[in-house]
Structures are given as C-alpha cells and as structure tokens.
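K.L.:
In order, the protein sequences belong to chains A and B. Each residue of the first sequence is one higher than the one before, starting from 1 at the first, in this note's numbering. Each residue of the second sequence is one higher than the one before, starting from 1 at the first, in this note's numbering.
Heads up, some of the hints might be wrong.
When the alpha-carbon atoms are kept at most 35 Å apart in a straight line, the in silico DSBU-like pairs for lysine-lysine are as follows [as the list claims (entries may be wrong)]: (1) A:Lys-803 / B:Lys-22; (2) A:Lys-440 / B:Lys-48; (3) B:Lys-101 / A:Lys-803; (4) B:Lys-22 / A:Lys-200.
Restraint-style ranges between C-beta atoms, simulated for each label pair [stated by the list, open to error]: (5) A:Lys-618 / B:Asp-27: 36 to 46 Å; (6) B:Glu-12 / A:Pro-580: 39 to 49 Å; (7) A:Gln-727 / B:Asp-27: 52 to 62 Å; (8) B:Leu-97 / A:Glu-439: 18 to 28 Å; (9) A:Leu-762 / B:Leu-97: 56 to 66 Å; (10) A:Ala-26 / B:Lys-92: 29 to 39 Å; (11) A:Leu-23 / B:Ser-2: 35 to 45 Å; (12) B:Asp-60 / A:Gly-351: 31 to 41 Å; (13) A:Lys-73 / B:Ser-2: 13 to 23 Å.
Don't read these hints as lab results, they were simulated from the structure. C-beta: ideal position from N, C-alpha, C; glycine also.
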Amino acid sequence: MEKMKLVVIGNGMAGMRTVEELLKIAPDIYDITVFGDEPHPNYNRIMLSPVLAGEQTVDDIVINTREWYSENKITLHAGKRANKIDRVKRIVYAEDGTFAEYDRLLLATGSKPFMLPIPGKDLDGVIGFRDISDVDTMIDASSKHKHAVVIGGGLLGLEAANGLAIRGMDVTVVHLNEWLLERQLDDVAGKMLQKSLEDKGLKFLLGKQTEQLIGQDGRVKAVRFKDGQEVPADLVVMAVGIRPNFALAESAGIHCNRGIVVNDTMQTYDPRIYSVGECVSHRGTSYGLVAPLFEMAKVCATHLANFGIGRYTGSVTSTKLKVTGIDLFSAGDFMGNDKTDEIVLHDAVGGVYKKLVLEGDRLVGACLYGDTADGSWYFQMLKDGKEVHEIRDHLMFGQNHLGDAGHKGQTQAATMPDTAEVCGCNGVCKGTIVKAIKEKGLFSLDDVRKHTKASASCGSCTGLVEQILASCIGGAYQPADTKNKPMCGCTDLNHGEVRAAIRERKFLDIPTVQRELKWRTPNGCASCRPALNYYLISTWPHEAQDDPQSRFINERAHANIQKDGTYSVVPRMLGGITTPDELRAIADAADKYKVPTVKVTGGQRIDLLGVKKDDLPKIWNDLSQAGMVSGHAYGKSIRTVKTCVGAEHCRFGTQLSMAMGVKLEKMLFGMWAPHKVKLAVSGCPRNCAEAGIKDVGVIGLESGYELYVAGNGGIKTDVAQFFCKVQTDEEVMEYSAAFLQLYREEGYYLERTVHYVERVGLDYVKSKVVEDAANRKALYERLQYALQGYQDPWADRVAETPKRRQFELISI
Amino acid sequence: MSEWKQVAALEEIPRLGSRVVKTTTQDIAVFRTAEDKVFALHDHCPHKGGPLSQGIVHGDKVTCPLHGWNIGLCDGQAMAPDVGNTACIEVKLENGLVFLKV
C-alpha cells in the first residue's frame with residue numbers, strides 16, 4: 001500500500017518533536033516532508049542563550065542532524081519558506097517554487113518576536129532574539145560596538161542582556177514595569193534579582209516607556225524615552241514578547257484567533273490539518289514555553305498515527321532563568337488574590353526568598369529565589385492539585401524526594417561542582433549528567449535515566465537529577481505527570497486504570513488484559529508483566545492464574561539473585577525466634593553445600609549467600625526436613641516481623657511482643673503485595689524492635705497497643721504515622737491485616753506503604769480501617785481468604801517435577 | 001568442529017522462559033518465545049555478566065535480571081541507549097526437539 005504523505009511546515013522544536021513521537025509509535029505510515037525557514041537542521045532554540053553567553057556552540061544545540069533526517073527518510077527543505085497552502089489540491093508551496101502534496105499537514109510555524117511599532121524600528125542594529133541569525137548578529141555587534149540596549153526585562157530579555165554583558169558590551173535593560181520578570185516573580189523577588197544582575201554589571205531603567213529609536217547613517221545610535229531621556233545604543237534587542245506566527249494559516253483560510261485555533265486533539269478547523277507549538281491558540285491560550293509544546297507533540301503524534309487517543313487539556317507552566325549563578329523558580333498563580341493565603345520566608349541578607357500561595361487546601365502558586373531546591377516538588381503538587389493540609393506546617397521547609405544518603409547540605413544542583421557524585425548507586429557525577437543533557441538533547445527524567453543510569457536504580461537522587469535537568473534546560477523542564485503516567489511504554493493507561501479494568505471486567509490472565517486493553521507489544525515488558533501478574537492474583541485470589549514467567553527471577557526462583565548469578569537462601573524464623581535444632585540444620589546445610597557466607601540479616605534471621613541455582617531444591621529439601629519454610633526474603637511480599645524480647649523476659653516489657661510478632665507473621669505467610677512489607681512489634685515504648693520505620697509498627701503499652709503505619713527505613717527514612725490504639729492481640733491482627741489488605745487492593749505495583757498513604761492521605765486510610773468497623777472486618781476477611789491454603793513454595797518445588805525443572809542444568 | 005546436539009524437548013522449556021545448557025566452555029541460555037520460537041545466547045549480559053537466562057522474556061527480547069538491560073534474542077544486541085552484544089549460538093527446532101550447534 002502506498003504510504004500517506006505528511007508535510008510539516010516548521011522545522012523547529014514543536015514540529016520535529018511531533019515527528020519524533022510519531023516515528024516512535026508508527027514509523028511506517030507516512031512519507032514525511034519538512035519545510036523550514038532557517039537554513040539549519042532542527043536545533044534547541046531554548047539553548048540560544050547559552051550560545052550567546054559563549055557557554056555552548058551552535059553545533060552543541062543541534063537536536064537532529066541532517067543524517068537523522070536522511071536515516072528516517074524525511075525530505076528536509078531547510079531554508080525554504082512555505083508561503084502558500086492549496087487546501088483543495090492539498091499542496092504546500094515554498095517561495096522558490098518547491099512544492100509537496102499532503103494527506104495530512106502539520107503547521108508548526110512557531111512565533112515571531114513582537115517589534116514595538118515605534119519610529120526607528122527598521123534601523124540596522126535593531127533585532128529580536130529568536131533564532132541563530134539573531135545570535136550571530138549580537139555576537140558580531142559585541143565585537144564592533146560598545147552600547148547595547150535590551151528592551152524588555154522578561155526571561156528572554158534578561159538572558160540576552162546577560163549574554164551581551166559577558167561578551168563585553170555595556171548593557172542597559174529597559175523595562176516598562178516597576179520590577180523585572182513580573183510574569184514570573186513578585187516585586188520582592190524581582191528586586192532581589194535586579195540586585196544580583198546589577199552586581200554582574202547590568203544597568204536597569206525601570207518604568208520607562210520607549211518612544212523612538214534614533215539612527216545615524218541607517219544604524220541605530222540611541223534610544224529615547226517618553227520622559228525625554230536618551231541612552232546611547234549601537235545595538236537594540238527587542239524582547240517585549242512573542243506573537244504566534246499564523247499568517248500562512250490565515251491566508252489559507254484556516255480559522256485563527258490570535259493563533260491557529262485547535263481542539264484538544266491538536267486538529268485545526270480543517271480536519272486534515274493539525275497544528276502544534278507556539279503558533280496555536282488552544283482553549284484561548286497560546287504558550288511561549290517549550291514544555292507545553294512537548295505535551296502537544298505527544299498528543300498530536302497519537303492522532304497522526306491514527307490511534308485516536310490522548311487529549312491535550314492545557315498546561316501549567318513553570319519558569320527558570322538560564323543565567324548562570326542565579327536561581328529562581330516560579331509556577332502557577334504566584335501573585336495570589338483575595339481568595340488565597342500566603343506562606344512567606346524572606347532572608348534578605350542570605351539572598352533567599354520563598355513564597356507559597358495556597359487556595360484552601362491546595363497549593364496554587366510558588367515563587368522561589370536563591371534556593372530553588374524544592375521547586376520541582378512544589379510544582380508537582382501544584383500540577384497534581386494535591387491536598388496539602390496534612391503537611392502545611394512544614395510545607396515551606398521542603399520535603400523533597402531526595403534520599404538520606406550523601407545529599408545533605410549539597411542540594412543546590414546549580415552550585416554543585418561537575419565532579420560531585422549525584423547517583424551513588426551507579427556512580428554518576430553531575431558533569432556526566434549535564435553533558436548528556438546538552439549533547440543528547442535530553443528533556444525528561446526518563447531520558448536522563450536511560451542515557452546515564454543516574455537515578456535509575458534506587459531513585460534516591462531523583463530530586464537532585466530533576467534539579468540538574470531544570471537548571472540545564474530551564475523552562476523546558478516538565479516534571480513527570482505522576483497522576484497520568486502510563487504504566488510503561490506498552491500502554492497509555494496508568495496503574496490505576498489498569499487495576500480498575502482488571503476488577504471491573506474480571507480479567508483473569510495477562511494475555512486477556514493485554515488484548516482487551518490494547519497493549520502495544522505482543523507480551524508486555526519486564527516492567528508491566530510483574531505488575532499485571534500482581535494485580536491479577538491480588539484482585540482475583542484463587543481464580544487468576546499466577547504466571548511465574550511474569551515474575552522477577554527472585555520470585556520465580558524463590559531466592560535472591562546475587563551479582564555473580566548465585567542465590568541466597570533465607571529460611572523463615574517467625575518473630576526472629578529460632579531453636580538449636582533449626583540452627584543445627586542451617587549449619588549442616590551450610591557445610592554440605594559449601595555456602596561461602598552466612599549472615600545475620602536486619603530482619604532477625606539467617607542468610608545463606610552464594611548458593612548455586614541447581615543446589616537450591618536440595619538445600620530447601622534439607623531445611624524442610626528440619627521444619628523450616630521459605631522466608632520470602634526475595635519477594636514483593638511479607639518479609640519479616642521483627643520483635644523485641646518483650647514481657648516474657650524483659651524487665652520493662654508490658655506486652656508479649658515475641659508471641660504477638662509470631663502470630664502476625666504466621667497470619668501473613670504467603671502475602672504478596674505491591675512491594676515488600678515489613679512489620680515490627682515492640683513490647684514497650686522503648687521500642688527496641690524499631691517499629692517506627694516499618695510498614696506496620698506495633699508498640700505495646702500497659703493498656704494495650706499503639707499501631708503505626710507507613711514507615712520506611714530505606715532510601716528515604718520515613719517515620720511511621722500513628723494509626724490508632726487498640727486493646728487486644730486479636731484487634732492488632734484485625735487492624736494490621738485490614739490496613740495491609742487495603743494497601744494490597746489499592747497500592748500501585750512497586751509503591752511502598754509510605755507512598756501509598758502519601759498518595760491517598762492518612763485520613764482516607766483511617767476512614768476505611770479505623771472508623772468503619774464493617775469495612776475493616778470485610779478487609780480482614782478478604783486477606784484471610786486470599787492467603788487460605790498457601791503452600792510453602794520451597795516444599796512445593798522440591799516435590800513437583802515441572803516446577804523443579806527450572807533449577808536443573810542441561811549438560812552436554 | 002561444531003555439530004548439532006539435541007539439548008531438550010521444546011516442552012521442557014517454559015514459554016517466555018529459558019533453560020541453561022552447560023558445555024565445557026560456557027553456559028548457554030536457550031529461550032522460548034510466546035510463539036514457540038527458540039533462540040540461544042551466551043548466558044552472559046554484556047553489561048556486568050548477569051545470567052540472561054534468568055531474565056523476563058518479552059517479544060523477542062530478554063531483560064537482564066541484574067540491571068535491566070534489554071538484549072535482542074535474534075542478534076544478542078543490547079537495545080539503545082545501551083551498547084554491547086552477547087554471542088548468539090545457532091539453534092534449530094525439529095519435531096519438537098531443540099538442537100544447538102556447539
């Protein structure tokens with residue numbers, strides 16, 4: 001079949017991003033032709049400021065080289081301005097007569113700098129700041145002339161001024177408003193910024209209206225203001241705003257209203273014609289920042305690929321100034337209004353200012369200056385519309401999702417040296433990340449993870465990587481959409497949607513889920529398959545088929561894989577209590593199978609490390625003979641219940657913590673969960689079992705027990721939150737089980753209890769478990785039903801031939 | 001001289017799974033896909049030597065269990081942006097029996 005023809009007008013970031021997204025999901029359905037005004041391949045326009053400042057070269061900022069176009073069989077007409085669209089014959093013409101027919105047309109004509117309509121605007125030396133030729137003009141002027149005037153104290157204007165100053169010019173910034181960046185900063189932060197820039201040598205004329213540009217021999221010589229004042233100027237850069245470039249679309253009779261009008265699928269009024277980028281008017285708004293363009297590109301690509309999914313519903317944007325050494329961040333409604341409250345921290349001497357704007361229980365705006373470490377955290381909450389009343393008292397001090405290890409006191413990404421290690425797991429330093437972002441044109445956390453491995457293992461440096469990304473690419477940075485993030489590349493559905501479908505439509509196996517929910521890959525990937533398997537067996541216990549091939553090796557082999565491909569074996573020791581006989585059996589097994597390392601774990605049991613896979617069934621058999629079962633030290637499942645000695649022996653003990661722990665651990669045997677689950681029981685408030693950092697922590701008191709939930713001792717230490725007080729052992733079991741069952745039913749795969757509770761709110765969890773007795777009992781019963789009849793997986797595999805086969809080597 | 005050697009019946013290898021064949025010189029991972037195609041690779045990830053046989057098989061790829069590299073079963077090539085490759089071993093399926101050329 002002949003391919004359809006796609007013509008793209010505009011070789012900028014929005015157009016090419018759409019093409020990239022399209023090639024990713026449907027590489028073969030179009031013959032693609034691209035028209036671009038500029039004689040260059042597609043480059044990263046937002047990095048023009050660093051080029052002007054001499055921090056990067058034009059070659060550094062090319063996103064797609066000419067080779068990329070030819071490799072993807074895209075016809076590129078660079079330097080040919082499209083000037084006519086014949087919508088009847090479906091042909092695009094360029095000024096030089098080149099033409100291309102289309103089945104679908106994508107308009108990505110971007111925007112133009114707005115030039116003030118004042119006398120002298122056409123003189124030589126008067127330019128905007130939009131493309132490579134403008135940068136060339138500025139660099140050229142800086143080598144020949146002295147005085148530069150930048151009209152406009154917005155982001156672009158300040159970046160231009162900074163670049164020109166670095167290149168040795170005497171720069172004056174003229175601004176109509178009383179403070180700089182009034183669309184990004186409030187007056188306090190704006191004044192602080194001005195002071196920093198003045199320290200760098202820039203001059204400012206605020207509250208000034210430009211009347212006329214005065215020329216001499218055709219070149220600009222001075223700028224005159226309404227109040228009569230004049231300043232010398234050999235170069236004038238107008239950075240007073242941009243205007244969507246929709247002249248071509250309008251001339252073709254496509255409906256425009258201060259931009260090309262598109263619907264939520266990025267389609268114009270002509271159904272064959274789509275439009276993305278700064279040229280569009282979507283729900284009455286045009287965007288001048290790059291992050292929304294990427295969202296549009298993604299949506300547009302799915303429609304061009306005929307998938308018919310995805311809607312663009314507008315963007316909340318954040319901004320960041322790319323001036324080295326200045327840290328500012330703002331997002332949302334940072335000015336506030338009469339319906340909002342503010343929380344403000346202002347340290348004028350230290351150069352730090354933070355303002356958070358709240359409307360009711362939600363964060364609606366943030367303006368940070370000097371310390372922007374928590375910018376992405378605030379932005380995330382703002383985008384998610386998250387209720388913040390539970391954390392309001394410490395909101396200002398940031399929480400940020402940095403881990404505890406290695407990042408204290410060095411959280412300002414911008415000031416970190418290139419040699420500083422960011423990702424402790426994979427040994428990635430800041431310089432490597434910055435280099436990858438710049439050279440490979442990375443824009444998202446996922447991209448950085450893929451290319452550098454930073455933050456790809458434990459994730460504790462995610463916040464730091466996000467900051468580095470934000471400080472490198474500024475306004476282009478868009479934190480991941482946590483609410484609607486697809487499960488993986490195989491689907492556009494998120495975890496919640498998939499869980500709901502499995503429940504509502506009673507899917508019982510993975511192939512059915514993938515077929516019914518239109519998975520893009522034949523059998524998923526290593527991310528979605530384990531998640532689907534968990535959702536199926538937790539939603540439909542005893543009905544859905546557990547699929548061992550969709551489990552990570554540790555759960556398939558019922559042992560933990562080690563770096564050399566050997567395994568570790570951890571027998572269960574209920575409540576951390578063992579017997580001389582068990583210890584003898586463990587010692588014998590360790591001797592017999594030449595186990596190189598025997599270690600006591602943090603969960604109060606013994607780990608035999610370095611066992612060969614084909615020895616696993618044999619060692620399990622020996623341990624089973626002594627009455628021991630799998631400890632599930634390898635699973636997204638119940639791990640251990642740690643206990644202190646308690647009232648049985650301890651002179652302070654108030655409750656029998658060992659017995660309570662044993663009862664809990666027995667009850668939960670065989671419980672699979674979204675992630676690992678650890679419990680602890682302490683016999684008195686001295687809390688020797690460290691119940692404060694467990695998924696469920698139980699602390700004995702004279703009068704009963706206190707229950708704590710959602711603690712975590714790992715990557716980031718989170719103290720468990722008080723849940724409720726109960727009287728009896730039976731109540732401890734019922735409340736703990738009900739909480740864990742709620743988490744099992746609603747948690748997303750790989751979400752620990754702390755993150756689950758953070759997502760849904762502790763109040764919600766209490767309302768389901770503590771306050772609703774009937775629901776608590778129902779949850780408790782569902783957990784008991786799910787765990788009924790669970791067999792020790794070790795004994796099971798020792799006994800059964802097909803299940804045992806995976807441990808046997810074939811020798812030839 | 002290498003020759004074809006019978007290693008297993010197809011049904012002894014789980015779908016979307018693998019078995020390990022031990023030779024005097026190396027471990028070979030023999031994979032079976034959802035469509036019952038068989039592939040064989042040196043059981044050694046190009047990244048840090050992880051046993052690919054223990055990974056999750058999807059489509060015509062396997063994900064290494066140690067650090068999640070994706071390796072193509074047909075050619076042993078790591079998927080972008082990772083770079084590296086693992087040796088392939090010739091494999092054939094005849095009458096439900098799997099043979100390796102070793």
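K.L.:
Each of the hints needs a verdict: does it hold here or not?
P.N.:
Now for the hints, and whether the structure bears them out:
1. For the hint pairing Lys-803 (chain A) with Lys-22 (chain B), the CA-to-CA distance comes to about 20 Å; that is within 35 Å, so the pair holds.
2. Annotation: proposed proximity of Lys-440 (chain A) to Lys-48 (chain B) holds, straight-line Cα distance about 24 Å (limit 35 Å).
3. Annotation: proposed proximity of Lys-101 (chain B) to Lys-803 (chain A) holds, straight-line Cα distance about 27 Å (limit 35 Å).
4. Restraint check: the Cα-Cα separation between Lys-22 (chain B) and Lys-200 (chain A) comes to about 68 Å, which exceeds 35 Å; the hinted pair is violated.
5. For Lys-618 (chain A) and Asp-27 (chain B), the Cβ-Cβ distance of about 19 Å falls outside the hinted range of 36 to 46 Å, so the restraint is violated.
6. The hint said 39 to 49 Å for the Cβ distance between Glu-12 (chain B) and Pro-580 (chain A), and at roughly 42 Å that hint holds.
7. For Gln-727 (chain A) and Asp-27 (chain B), the Cβ-Cβ distance of about 58 Å falls inside the hinted range of 52 to 62 Å, so the restraint holds.
8. One distance hint, 18 to 28 Å for the beta-carbon pair Leu-97 (chain B) and Glu-439 (chain A), is violated here, with the actual separation near 50 Å.
9. The hint said 56 to 66 Å for the Cβ distance between Leu-762 (chain A) and Leu-97 (chain B), and at roughly 59 Å that hint holds.
10. Between Ala-26 (chain A) and Lys-92 (chain B) the Cβ separation comes to about 34 Å, which falls inside the hinted range of 29 to 39 Å.
11. Checked against the hint of 35 to 45 Å, the C-beta distance between Leu-23 (chain A) and Ser-2 (chain B) comes to roughly 40 Å, which is consistent with it.
12. In this structure the supplied range 31 to 41 Å is violated for Asp-60 (chain B) paired with Gly-351 (chain A), their Cβ-Cβ distance being about 56 Å.
13. Range check, Lys-73 (chain A) to Ser-2 (chain B): about 40 Å between beta-carbon atoms, so the 13 to 23 Å window is missed.
In this structure, the earlier hints numbered 4, 5, 8, 12, 13 are contradicted, and the remaining ones agree with it.
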